[in-house]
Amino acid sequence: MTDFLQLLISGLATGAIYALAAIGFTLLWQTSQTINFAQGEFVMVPAFLALIAMRWFGVPFVASLVLAILASMLLLGVAFRYVVVGPLIRRGVLPLVISTIALSILLKESVKDFYSAEAQTFPTLLPDTLITVAGVSVSLAQLGVLAVALVTIVLLQWFLAGTRTGRQMQATAQNPTVARILGVPVERMILYTFLINAALAAMASLLVSPIYLAKFSNGETLGLIAFVAAIVGGFNQVRGAIAGGLLIGVLDNLAAAYVSTAYRQAIPLILLVLVILFRPQGLLGRREERAV
Amino acid sequence: MLRKTLALAGLAIGGLWAPAGFAQDIVIPNIIELSGGGATVGAMWKNGSSMAVEEINASGGILGKKIKLEFIDTASDPGKARAAMQRALDDKPVAIFGPIYSGSVSATLKMTADAEVPQVIGGEAGNLTAQGSKYIFRTSFGQNVSMPKIANYLRDIVKAKNVAVVFVNNDFGKGGRDAIVKELAARDIKVVADISTEAGQADFAADVIKLKGANADAIFVYLNEEESARFLREARKQGLNKPLIGETTLLGQKVIDLAGDAANGVKGHVGLTVDAPVPAIQEFGKKYEAKYKTKPDHNGVKGYIAPYMIKAAAEKAGKLDGKAIAAALRGMTITPDKVPGILIEATWDDTGEIDRISFLGEVKDGKQVITETLPKLKK
Amino acid sequence: MTALLEVRDIEKSFGGVQAVCGVSFDVHEGEILGVIGPNGSGKSTLFNCILGQLVPDRGTVRVNGRNVTALRPSRLNRLGVSRTFQLLQVFPELTVRENLILAGQEHRGSRLTRLFGARDAGLGSEADRMLDFFRLRRLEGEKAGSLSYGQQKLLDAAMAFMSGSRLVLLDEPAGGVNLTMLADLRERLEAINRETGVTFVVIEHNMEFVMALCTRLIVLAEGRIIAEGAPADVRRDPAVIEAYLGH
Amino acid sequence: MSARNSLLIGLALLVLLALAPVDLNDIGVPYPGLRRYGTYILTLWLVTAIAAMGVNLIVGYAGQETLAQAAFVGIGAYLTAIVTKAGVPFGVAFAASGLLTFVIGIALGFPALRVQKHYLAFVTLAFSVLCWLVFRNEQWITGGVMGIRDIERPSFLGWPLRNHIRFYWFVLGITSIMTFVLWWIVRSPWGRAFTALRENPLRAESLGVDVRLYTLLAFALGSAYGGMAGSLYAPLVEFIDPSPFALGPSLLFMLMVVIGGSGTFLGPFVGAGIAVLLPEWLRAWETWYLLIYAVLVMVMMAFFPSGIVGLATRLLARKARS
Amino acid sequence: MAPDAILTLDSVVAGYGKMTILNGVSAAIHRGAITTVIGPNGAGKSTLFKTVFGLLGVRTGRVTFNGADTTSFEPRRMLDAGVCYVPQGRNLFPELSVRHNLELGGVALSDTSRLAGRMEEMMARFPMLREKANAQASTLSGGQQKLLEVARGLLLEPKLMLIDEPSIGLSPLMVQEVFSILKDLRSAGVSILMIEQNARQALAISDYGLVLEQGQTRIEDTAQNILADPRIAQLFLGGGLAPAA
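Protein chains in written order, with my numbering: chain A, 1 to 292; chain B, 1 to 379; chain C, 1 to 247; chain D, 1 to 322; chain E, 1 to 245.
None of these hints come from the bench; they were simulated from the model. Heads up, some of the hints might be wrong.
[What the hints assert, rightly or not] Computed list of lysine to any residue pairs in SDA-like fashion (alpha-carbon distance at most 25 Å, straight line):
(1) Lys-110/B <-> Arg-187/D
(2) Lys-291/B <-> Arg-91/A
(3) Lys-242/B <-> Ser-260/A
(4) Lys-18/E <-> Ser-155/D
(5) Lys-376/B <-> Gly-366/B
(6) Lys-143/C <-> Tyr-115/A
(7) Lys-143/C <-> Arg-187/D
(8) Lys-293/B <-> Arg-55/A
(9) Lys-18/E <-> Gly-141/C
(10) Lys-143/C <-> Arg-90/A
Every value quoted in this text rests on a predicted model; they were computed, and no experiment measured them.
So that you can see chain A by itself, here it is in the shape it has in the complex (with noise of 0.2 Å):
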C-alpha cells in the first residue's frame, strides 16, 4: 500500500508535467487544427533559455525563469504561429505534422549545437527537503511540481472559463465563424492559444528540469506522452488532457513496478489504441459534431 501510495504520488507529479503538455496540445487543435509534433521540444527548450539568461548573460535566478517565459512566448507562441503555422494553416494537417516533425529537429539540434549536448542540472526554487508520511517520502520539490502544476491548470481553466477573453478564446475553438459574426477578433484569440500553449509549455520545462535535469533530448518521451494523453483524454477537451496527463503518469509507474519495466512504454500505447478502437473521442471527449 505505502508503495502504491509512492507510485501514484510519484505518477501525479510527472502526470501533471504532461499535461501541462497535453492542454496546449489540445488548445492548439481545437482552435487551428495544429497537431504539433514538436511539443515535447517545447517543453525542452524554455530551461535553456533560462540557462543562457543565467550563465551566458549573469541574469539572476528568478528573473530567468520570467525571462524565460517571456521568451518562449515569443519564440514558441508568436513566431511558431507566424513562420511555421501562418503559412500552412491552410494546407491541411499532415503539411502542418511534416513541418512540426522538422522543427522538433531543428529545436533539439540547435540546443545541442549551440548550448550543449550534456545534461545540465537546473537550479531550483524549492529546497529539496524531504518530508515523509506513513512511509511515503516526497520531495518538496516534488511536491511544488505538483501543486504549481495544479494551480497553473486552475488558473487555466478560470481564464477560459472565468474571463470574457477566455470565453471569446472558447467560443473561437467551438465555433470560429458564428464568434466572427459575433465581433470576436478570431486571429488574436488563436495567436493567444499559442501563446498560452507556449506558456504552459515554459512552466512544465521550469517545474521539470530541477528534478530530471535539462538536455535537448528530453522532449522525445515527453512529446510522445503528450500526444498520447492529449488523444486517450480526448482531443478536444483541456479537462480530458489534464485527465489523460494525469491517468499516464500514474499507469507508467504502476507498470513500471508491476508490469514490467522493460515493457512500461508500451502500456501506454496499448491504452491509446484501446481509446482508439472503442472510445475515440477519448475518455472525456465529445464527438466532433462541426461539420466540414
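Mind docking chains B, C, D and E on chain A? Use the hints.
Just chains B, C, D and E, lined up with the frame of chain A:
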C-alpha cells in the same frame, strides 16, 4: 527531358566523391556518436582527441607528419557507422578512431580487420575483443575485465549474498548486465532483481520501489551518467539505504555534479577517472576544462589517449602503415615517462584488450575519493 | 410488374427530430421521378437512406425485388444503382477521361484483372461514347479540377452512366449551373432516358428544371409525402402551394 | 509523359546507375568508378527508396498516413536476418518478409479504418513504438540491443554477392523490378482507385470503389515494400540492431517522401537521395546537416508543398511554355 | 433609390470559388421596416446576407449601409456600423452557459461598462434567459436557442438585423413568438431584413418583400402586393420569373 534527367543523375552520383585530404597530413577519421543518443559521449571524445592532436602537432607530429582528425557522425546508429567506416576505409587511413557505442563497434570491426587498419575504440562490451579481430584496440576496460573486478568487490568487500541489478537497456548497459550476472553466478551471489531502464528515462520512482522490495544486500547500478544522477536522487528521496555499487558511470564527477548530495556514499570500481590520484590525469582534467569550459569524463580521457596510442605505435613501427602500427600495438606497453599523453601505463594484449591500473572509489562529501588502487592484471 | 426501386416505410430521426416519417413509394422502369419539397422537408435524408449513406431507423429499400437496406454504397453501386451528389464531386487531380473510367472500372472483371488487365479496364469505347454524348470530348485530357463548374456538373452526371446502371439518383443536378448549361444538361438526361431506358430519381430545387424533366413528382413536406402525380397537377395542388409558401 | 518515354528514361537511368561503380578507363572513358563507400551509399539509397516508395503509395497516392514504415523495415530485416542465419535461402526470406509485413499491414489497418482518418496514423505510431520495444527486449530472438551480427550476403543463382559491386547490382535489379511493379500498379485501375480514395472517398464509394478494401490494400502493399526493403537492408549492413527501426526514423520516412514530392513517382527516390546523400554533401558542416535538413523541410512545406519533384515539374513546364 | 433606405445594394456580384451566386443584385431596404427576402432555394438569399455582412467578398458592385459605403467591410466593422446577423441553424456555443453566450454578443461593444446593463435589459425582456442563465446552451430547446440568438444580436443595439430562416425547425407556437418579437423590434426602431421559407406567414408580418431568383432581384414591392401576386406560386413551383426586360 531525357538529357536533363540523366545530367541530374550524374550530378547526384558525382556528389559521392569526397574531397581528398591534404596529402602531407595524416588524416585519422573519428567515426563517433555526434548526434542521436550518444551525442554527449561523442562530444567528449571529440574534444579529447582534438586536444591530443593539437599537442602532438605542436611538438612535431608523428614521424614528422602532422595529424588531421576528421569527424564523422554515426548518429548513434550502427548502419550509419558502417557507412561512415566504408567511406573512411576507402581513403586507406593509417588508423580509425571510434566508434564509442559497442553496437556500432560490433557492426564495423570486421571491416577494419579486412582492411588491416587499426581501430581504436571506445566500446566496452565484453564480446568485442572475442571476435577474432586483430585490429581493434580498447581505450578502456572491456566489461569482461571490469565486471570480474566488481564481482570480487561485491563478494570480498561488500560481502553481499543477494544483489539487485539495475541497468540501462542499451548496448553498454545490457552488455554490462549480462557480464555481471555471469560473474555473480560464478561467485554464488544471487541476483534478486534485474531491472531494465530506458536511456533518457526521467522518473525512477517505480524502479527504486522495486529495488526496495527486492531486499538485496547491495545494488549494482549500471546506467549512463545522467540516468545515474536521476536514479540517485530518487533513491535518496525514497530512502533506499542499501550499498549502491557501480562502475565509472556511477562515480564520475559528472554524476556528482548532477546528483548533488544524493551521490554521497556510492562506491565502486573505476576503470578510468579524471579524479584518479595520478597527477597526469588531474593535469589533463584541468587543461580540458580550461579549453572546453566543461569537465571531462572517461570518454574525454579515452578520446585523448587514442592519438597517443597511434603515435607511440607508429614510432615503434617506424612507419606510417596501418598493418605495421597494429602489429606494433599488439603486446605493447606504453608508459607515461616516454609518452606523457598516455597518462597511465597501459598494455595491450593480442586481442586488443587494455590492461592498466584501476581504482576503487567512493563519493564522499560531493567528491570522488579513490580508496584503493588495483594493480594491473599482468605484470 | 415489380417496381425497379421499392421504398417502404422509411423512418429516420436525428436527436429526437424526425426527418423522414414513414415514406413509401415505387419507381418503375424508365421513369424520371422527381422528389421535391421545401427546405428541411427530408429529401436529402431520404436519399441518403435509400443509398446506404445513412441507416434508416425503420423501413426497407428494394432494388429489383432485392432487399438492399443499409447496404454499403459501393455494394449498392455494383448492384446497378448510381448517384450524383449535391455538391460537386469529381476527382480534380484525375483527367476527365480517367474520371469516367474510374466510374465504371469496379463493374468490370475481377479485382485481379483490374490489376493485370488493360489500363482502361476495357472501358475506352464506353468513355468515348460518354465524352461525345456529354460533349466533353475536347476536354478529355484536362484535369477535372480545371473545368468550369458547369462542365464539372456534366462530367459528374456522365460518371453516373459509366457503370451501365439501370437506376440513377441525381441529387440537385441543376444547382449552381447557369441557364445555357442547364438546358444542355436536361436535354442530355432526357436523351439518355429515351435512348437507353435508364430510370431516374431526381431531387431538385429548380422547379422549372424539374417540371420539365420529370414524368412524375413526389412532394415531401415535414418528412411525409403530401402529394404525388404529374408535374402539372402537382403544381396546382393547394397542399403543395401551402407547403412552399406557408399558411 | 508517355509510357514509352518513361520506360526509356527509366532504362537509361538504370544503365547509368549500373555503371556507376565500374571503372570505365579500360574502355576509354575517363571515369574511375565509385569506390566501396560510394557503392555502399548508393545501395543504401536504393534500399531506402524502396521503403519510401511504399510510404509514397500510402501517403501520396492513397492519401493515408503511416508513422510505422521503419518498424516494417525492421520486421523485414529481423525476419531475414534470423531465418537466413538458420539456413533458409535468402529468396524465401525476402518473399516471407514481404508477405509477413503485408499481412501485418492488413491486421493493423483493419480495425483502425473503422474510425476517423487520422487514427490510422495514431495506431501506426503506437505500433511503431511497440515493435521497437519488442526488438529491444526479446533478446532470445532479436539479439536485443546487441543486435544480430554477421548476416551473410546471399548468392544469386550460385553467384556469391559478397563483393560490394555485385551486391549493389543485385539490389539495383530488385529495386528496378519493384519500381516497375509499383509503376504498373499506379497506372492500373488500382492506382486510379487509390487516387480516388485520396481525393474523395465518399464519391469513390458511391462509384462502387470499395474504399475500405483499397485503403487496406494500399496500406498493406506500402508496408510490404517496407518489409522487403528491410530484407535487403539486413545483408547490406550485415548487422542489425533496433535503433534504425525506432519511431524517429519512421517520421523521417514521412519527411523524405514529402520533401521529394508525395504522389509523384520519382518523389521517393529524390527524397531518399536527400536523406541518405545530404549528410554526405553537407559533410563540411559536420553535425549541422540536421539543422539544415530541418530548415529545408520547413521551407519546402511552406512554399513548395508539392516537394522537389513537384517543383521541378512546374519549373520545367513553365520553361517549356515560354 | 428610396430616400429612406437603410441598406442598398447596387449590382452586387458574389459567390464561392468557381460558382457565382449573386449575379448583380440591386435592392433598397427600408428603414424601420421588416423586409422579407423570398425565393426558391439556390436563389442566393443566404449568400446575400453573408455578402452584406462581409463574410463573403463582393466581387463587383456596391453595398451602402446608413449612407456609408460598406462594400469592403469585415464583420467586425459591420457590427460597429450597426448591423447584426443571426445566421440559419444553430449558432450557439454549446458548452458555454446561456449567460456567457449572451455576453458574447457584446464583444463588439465599444463601451464595455454598458455590457452588464445591456445584458440586464435583455434578461428583462426575455425572462427565459434569466431563468436558464446558468444552464449550458445545448440544453435549451430549439425555440429558446433562437431567442437567445436574437437577444445576443440585440445586445449591440443594432440599427439593422439580418435574420436567416428564424422559423426553421420551430414549433408553430414558437414561430409566432419569434415573429412577434421581430414586430416588437420594428416598433423599437430596428430595421429587419429576414429570409423566410414560410413565405406567406413572413410576408404577413412584413412591410416589404424582396423576391430573388437566380441571384437577381425579380420583385421589390410591399409585402401585401407580393402576397397577392399570382406569380409567386409560379416562382416556387416552376416557370420562373423572366428578368424584367
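TODO: Check each numbered hint against the structure and report the violated ones by number, ascending.
DONE: 1, 2, 4, 5, 6
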